[in-house]
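2 protein chains.
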Amino acid sequence: MARMPHIGAIIPWILLQYLTLVEVLTAREDAVKISLQEEKLQLFCEKIRQLQHEIVIKEQELPVAFVIFKSRWGAALAAQSQLHSHPLLWITKMAPEPRDVSWRSLAIPYRILPLYKIVVVLSASLLTIFFAIPVTAVQGIAKFEKLKKWFPPAMAVELIPGLSSILTGYLPSVILKGFIYIVPFAMFGMAKLGGCISKSKEEIKACNMVFYFLVGNVFFLSVLSGSLLDEIGESFTHPKSFPSRLASSVSAQADFFITYILTDGLSGFSFEILQPGLLIWHAIKSNTFGRRGEKNPYLYSLPYFRIIPMISLSVLIGMVYAVVAPLLLPFLIGYFCLGYVVYINQIEDVYDTVYETCGEYWPYIHLYILIAIILMQITMIGLFGLKAKPAASISTIPLLLFTLMFNEYCKKRFLPSFHHYSIQNAVENDELDVKSGQMEVNHENVINAYCPPCLRPVNFLESDSSSKQPLVSSS
Amino acid sequence: MARMPHIGAIIPWILLQYLTLVEVLTAREDAVKISLQEEKLQLFCEKIRQLQHEIVIKEQELPVAFVIFKSRWGAALAAQSQLHSHPLLWITKMAPEPRDVSWRSLAIPYRILPLYKIVVVLSASLLTIFFAIPVTAVQGIAKFEKLKKWFPPAMAVELIPGLSSILTGYLPSVILKGFIYIVPFAMFGMAKLGGCISKSKEEIKACNMVFYFLVGNVFFLSVLSGSLLDEIGESFTHPKSFPSRLASSVSAQADFFITYILTDGLSGFSFEILQPGLLIWHAIKSNTFGRRGEKNPYLYSLPYFRIIPMISLSVLIGMVYAVVAPLLLPFLIGYFCLGYVVYINQIEDVYDTVYETCGEYWPYIHLYILIAIILMQITMIGLFGLKAKPAASISTIPLLLFTLMFNEYCKKRFLPSFHHYSIQNAVENDELDVKSGQMEVNHENVINAYCPPCLRPVNFLESDSSSKQPLVSSS
Numbered sequence: 001m002a003r004m005p006h007i008g009a010i011i012p013w014i015l016l017q018y019l020t021l022v023e024v025l026t027a028r029e030d031a032v033k034i035s036l037q038e039e040k041l042q043l044f045c046e047k048i049r050q051l052q053h054e055i056v057i058k059e060q061e062l063p064v065a066f067v068i069f070k071s072r073w074g075a076a077l078a079a080q081s082q083l084h085s086h087p088l089l090w091i092t093k094m095a096p097e098p099r100d101v102s103w104r105s106l107a108i109p110y111r112i113l114p115l116y117k118i119v120v121v122l123s124a125s126l127l128t129i130f131f132a133i134p135v136t137a138v139q140g141i142a143k144f145e146k147l148k149k150w151f152p153p154a155m156a157v158e159l160i161p162g163l164s165s166i167l168t169g170y171l172p173s174v175i176l177k178g179f180i181y182i183v184p185f186a187m188f189g190m191a192k193l194g195g196c197i198s199k200s201k202e203e204i205k206a207c208n209m210v211f212y213f214l215v216g217n218v219f220f221l222s223v224l225s226g227s228l229l230d231e232i233g234e235s236f237t238h239p240k241s242f243p244s245r246l247a248s249s250v251s252a253q254a255d256f257f258i259t260y261i262l263t264d265g266l267s268g269f270s271f272e273i274l275q276p277g278l279l280i281w282h283a284i285k286s287n288t289f290g291r292r293g294e295k296n297p298y299l300y301s302l303p304y305f306r307i308i309p310m311i312s313l314s315v316l317i318g319m320v321y322a323v324v325a326p327l328l329l330p331f332l333i334g335y336f337c338l339g340y341v342v343y344i345n346q347i348e349d350v351y352d353t354v355y356e357t358c359g360e361y362w363p364y365i366h367l368y369i370l371i372a373i374i375l376m377q378i379t380m381i382g383l384f385g386l387k388a389k390p391a392a393s394i395s396t397i398p399l400l401l402f403t404l405m406f407n408e409y410c411k412k413r414f415l416p417s418f419h420h421y422s423i424q425n426a427v428e429n430d431e432l433d434v435k436s437g438q439m440e441v442n443h444e445n446v447i448n449a450y451c452p453p454c455l456r457p458v459n460f461l462e463s464d465s466s467s468k469q470p471l472v473s474s475s
Numbered sequence: 001m002a003r004m005p006h007i008g009a010i011i012p013w014i015l016l017q018y019l020t021l022v023e024v025l026t027a028r029e030d031a032v033k034i035s036l037q038e039e040k041l042q043l044f045c046e047k048i049r050q051l052q053h054e055i056v057i058k059e060q061e062l063p064v065a066f067v068i069f070k071s072r073w074g075a076a077l078a079a080q081s082q083l084h085s086h087p088l089l090w091i092t093k094m095a096p097e098p099r100d101v102s103w104r105s106l107a108i109p110y111r112i113l114p115l116y117k118i119v120v121v122l123s124a125s126l127l128t129i130f131f132a133i134p135v136t137a138v139q140g141i142a143k144f145e146k147l148k149k150w151f152p153p154a155m156a157v158e159l160i161p162g163l164s165s166i167l168t169g170y171l172p173s174v175i176l177k178g179f180i181y182i183v184p185f186a187m188f189g190m191a192k193l194g195g196c197i198s199k200s201k202e203e204i205k206a207c208n209m210v211f212y213f214l215v216g217n218v219f220f221l222s223v224l225s226g227s228l229l230d231e232i233g234e235s236f237t238h239p240k241s242f243p244s245r246l247a248s249s250v251s252a253q254a255d256f257f258i259t260y261i262l263t264d265g266l267s268g269f270s271f272e273i274l275q276p277g278l279l280i281w282h283a284i285k286s287n288t289f290g291r292r293g294e295k296n297p298y299l300y301s302l303p304y305f306r307i308i309p310m311i312s313l314s315v316l317i318g319m320v321y322a323v324v325a326p327l328l329l330p331f332l333i334g335y336f337c338l339g340y341v342v343y344i345n346q347i348e349d350v351y352d353t354v355y356e357t358c359g360e361y362w363p364y365i366h367l368y369i370l371i372a373i374i375l376m377q378i379t380m381i382g383l384f385g386l387k388a389k390p391a392a393s394i395s396t397i398p399l400l401l402f403t404l405m406f407n408e409y410c411k412k413r414f415l416p417s418f419h420h421y422s423i424q425n426a427v428e429n430d431e432l433d434v435k436s437g438q439m440e441v442n443h444e445n446v447i448n449a450y451c452p453p454c455l456r457p458v459n460f461l462e463s464d465s466s467s468k469q470p471l472v473s474s475s
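As they're listed, the protein sequences go chains A and B. Here the UniProt record's numbering is used: the first residue of the first sequence is 1, the next is one more, and so on. Here the UniProt record's numbering is used: the first residue of the second sequence is 1, the next is one more, and so on.
Just chain A, with the same shape it has in the complex:
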């Protein structure tokens, strides 16, 4: 797999040759020559295949393999049981969808995988804790007064009356929003290094990290003053005073969060529809890397790792303020209705399905809602304490315990269904396949589907996979 770039360099060269050939041929319209060139291409393909096989022979074998079973039943049994007495020597997992496999991560040896994971978790938590530092630094530098000094054309803004004061007021907020907009992509980049075997797992990991980032840097930083590190230290040294501190500051910040929900609803969803980030990225790409970028206007999949944490944060804010400041709830309902309309449109018409998520996000969203409920109940404990109602405060504690016990129950009752393919279902599906005679066909399909990308037969005459097909033909 380390030699991939070598082949990768050959393919565009052949592609270029092929394209020039096609142009020449259409000009001359000579059928005989077309077949001649196609034969030549076929020869090139043969050459490439030969190179691929040589690489496979030369490279050391990876300690990863896709094993294809004749029945779902056998696969489910093998995936769920410990095969070797050394539990780390032979690990079996259900394979992800073929288009969902993260081939890059499969090449990482299992021994050093924990290191990758620790590095990713460490860097994500460092980003979460010290996020405020670069933001305040940039906010300090990018003041309008200083901008005028360093970038004289910015003077032009002063010609329009009122614009300069708006800029001065909004600039820090825009910088903060810009940083928060970039964070999900940074987290996704980190999660890609985490050695997950599938792209969906990478996205789920990124989704988790972004959610905790938002809870820390949007919810807690807005509610409690001071840096996040101070807050964590304070909570560790005086955990008993945490509920009352949370309660007093939560009730003081109700107005801020109404504004937050409104702003996020109006600006966030219009951003989602207009996709300015993608447009800017494409503009930069096409101007920097040349015209090649323009030839592949890929369809993207729904960025779950950006959308789910944002909406979960709104759920959290709604939960915490449901009792403290119920005036926030109508705004939240408006936010969710708008979000429903926007995302139904986006999912149907804008984004492409790159792989099936199979409801794998559900346990995580359940966890986010649980965190919201727990925060709400802690706030209630503090609030009743502040209002000098110790009886109400103490009787909220069992409620908190019940929430935690309900979580334990859900873990036992529902979580296994997300991790294991039950033998009953496997056998039932096998029987259905045997009845309809699909068993052989499925088996054939599977063998072809899990071929690694570097060994796939090169075929110039067929179009690329549907996910990379442009919406509008760019001839």
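Every clue listed holds true.
Which copy? The list can't say, so a pair holds if one copy fits it or any two copies do.
Derived DSSO-like pairs: lysine-lysine, alpha-carbon spacing no greater than 30 angstroms straight-line:
1. Lys33 with Lys47
2. Lys177 with Lys285
3. Lys412 with Lys117
4. Lys240 with Lys117
5. Lys70 with Lys93
6. Lys285 with Lys148
7. Lys387 with Lys240
8. Lys93 with Lys412
9. Lys117 with Lys177
10. Lys146 with Lys177
11. Lys93 with Lys192
12. Lys117 with Lys411
13. Lys177 with Lys201
By construction, these hints were calculated from the structure, which means they are not laboratory data. No experiment lies behind these values; they were computed from the predicted model shown.
Add chain B to chain A, keeping to what the hints say.
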């Protein structure tokens, strides 16, 4: 199973009749009559079997079953995989040894099992936290002055010079030791209600609860002054000051723990050899419940739930004091050598093997040692802080993190081997059995072994199981 006492009442009655019959017959020495009476007995046995079957038909079926597989391979696969899509509707586990099965717990429906577990954990933690209250209460009542008033014969002690002062001095300590001696049995009684499917699991549960009890009530209560509840509250409100508080009090209590190790070594092991508790219990039993108790001087199994926590506590004390007060270590080595000699003797000659533990205690002892190392490292952090060496104190924190990470590694590397029977081993053992032709024999044995006790054929002519056989015949 609810009708068990009914049958239980029949059996002794028949036994009594049988014994009187035997006496009469040996007097007359009439072979013909013996065979006649044996036929009658056979009839009784038939009657009992019939009753048993009627009960089984009348009773609702229990939702528990032992399923016997033709190969270890199949059993291992079935035990490790999720069979039904509802993970709590069909739970599979490897069956314990036949003599290790806890038939009483199997009758508890799975739905209310979590309730049992919560009740057991709650009562065990209440006992741990509030243990000091009854002890101090009894110590307050049982003063020698008061004893003389309420129990005049105690005056006799005063006739021997010096004895009364020894009594006054030792009485509180004896009461404390007595309470601590009873606790393991109380914990074992609680663990029996916890609904474990095997006696070994019950003992492991009791072992855990006793260890935490000892750490709380012997280590922490001796080290830190004040009640355990105060200590827990203090640790929660000011977790940051915990290491320094622990360090300062640990170094002050070194002498106490040297005495503790010496006393526990000398008195504990001599108690173990002389078994006064068992003797007193038997004396009480035989005088209270009549002569029936004397007829069954059962052999007991090694009480792991009493011994392992005691020795683990000594390991913990040794770990914590290894750096603070190394003078304790020679005493500890003496303690372990003495313990080795005593327990080798006890295991070989005194206790009986009721079931194989199969090394199931190992992960728990590993955990206890880990707790000891963590406590040691926390003490070190506090101690370096007290000695005004912040650099040393801070550089001990990564050590603590490494300990925790090592624990995570061990959990992944070694723990699965204790929970799952690996398919490789199962297949290898199956092949060995097939080669030696033991497969059929094993299968036959298994079917007979897992017969519930209420359905076992009653047989008066054979002796009882070996675990209940008296060492000395009591004719």
